[in-house]
Amino acid sequence: MKKILIVVFLWMLVIYSGPFDGTQGISSKFLYMHVPSVWIAYLAYSITFTYSIRYLFSNSPKFDSIAVSNAKSGLIFTAITLISGSIWGKLTWGSWWVWGDARLNLTAILFLVYLGYIASRKFNSDLNTIAKNSSYIGIFGIVQIPIIHFSVIWWRSIHQQASILSQETIASGNAPISSDILIYLLIGVIFTTLLHFLLVSKFSKLLDIQWENYLNPSSRAKI
Amino acid sequence: MKKNLIFIILGLVLVTFASLRLANNNTVYYFTTTEALENIDLLDERVKLGGFVMQDSISKNATNTLFNITDGNTVISINFDGYVPELFQENMGVILDGVFVNDTFLADNMLVKHDNEYISEDGEVYDAKNYSK
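From first to last, the protein sequence lines stand for chains S and V. One point on numbering: in our numbering, the residue at position 203 of the first sequence is 203, and numbering is uninterrupted. One point on numbering: in our numbering, the residue at position 8 of the second sequence is 8, and numbering is uninterrupted.
In isolation and in its complexed conformation, chain S is listed as follows (with noise of 0.2 Å):
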């Protein structure tokens, strides 16, 4: 927990330090929040989507606890994603949601898969069974994120294209971002990457019990 915390606390850090674009001001700060959570979330369901097949294949209890821990922390990073972007919206584009936008809509829907794979958790009591469904809900999921990450270019809307992981950008090696405000942008995603795997292990041990438990019965009597 001390250890979440000091990163939070880094990231914040980076956050506060780091330069703003001149024409957006202040609201631009967002960037360091916005970005790399978006990109912790893509990493964490890939994970989830990677470690839920090989749970369906392999029935290895260690695998479904990586898939759970992944998504629960991708969950956090999704909810992040979308408050600071609505606030940064409010501040940029004078509103705070934008109805038409299929990115916008798709993260949202991102948002509520997870939040129906962390619920799928509770449906049944047979651990085994949870597994295996929640494990489809991880790889069907999987499928919004190429979607969200290439809606930009597929739908004209309000929200920008992307600056780093764009066509351009790879095929240039020059991205339309100032040096400085990029070198903060990596370094909140180091931090944010680090906090991740921190939550990640935090939640996969709570898994491990539950499946400790669940294999060994005896042993909870004990307790």
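Simulated from the structure, these hints should not be mistaken for lab results. No residue lacks a Cβ here, since even glycine has one placed at the ideal position from N, Cα and C. Treat the hints with caution; some may be incorrect.
Just some of the chain V residues that point at chain S, by a computed CB distance under 10 Å [said to hold, decoys possible]:
#: 1; residue: Ile8
#: 2; residue: Ala23
#: 3; residue: Thr32
#: 4; residue: Gly50
#: 5; residue: Val84
Starting from the known structure of chain S, fit chain V onto it as the hints suggest.
The following block gives chain V in isolation, referenced to the frame of chain S:
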């Protein structure tokens, strides 16, 4: 195992299809100024119009803000009656919601569209060549 695999593939296809349909049907497009002028006779309902605010075109009367927007080729005059977002300024991308009356676009809702550039005060743009060493 084989049953699992078939179920997964079917599910993935279905979810992809549903997501694409959903996004396609619910995404509100905006017209560029050129597209709007080409179809101006057809646009008798409320539409969304996007473009960049032209330099030296902003003026205000008692209630409305008047300005021109462009996509680089064609220009449309805007008569805007609504809340002006803080970032509204020259050369900024805007998306307006309203109706065409003759050649003027009467708008009552505005969103400021920010592009994907982030330039700090020192204005230095990231360039891979400077960092290749």
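Hint check results:
| no. | hint | verdict |
| --- | --- | --- |
| 1 | Ile8 | 6 Å, holds |
| 2 | Ala23 | 4 Å, holds |
| 3 | Thr32 | 9 Å, holds |
| 4 | Gly50 | 8 Å, holds |
| 5 | Val84 | 8 Å, holds |
Violation of the numbered hints given earlier is absent; every hint is satisfied by the structure.
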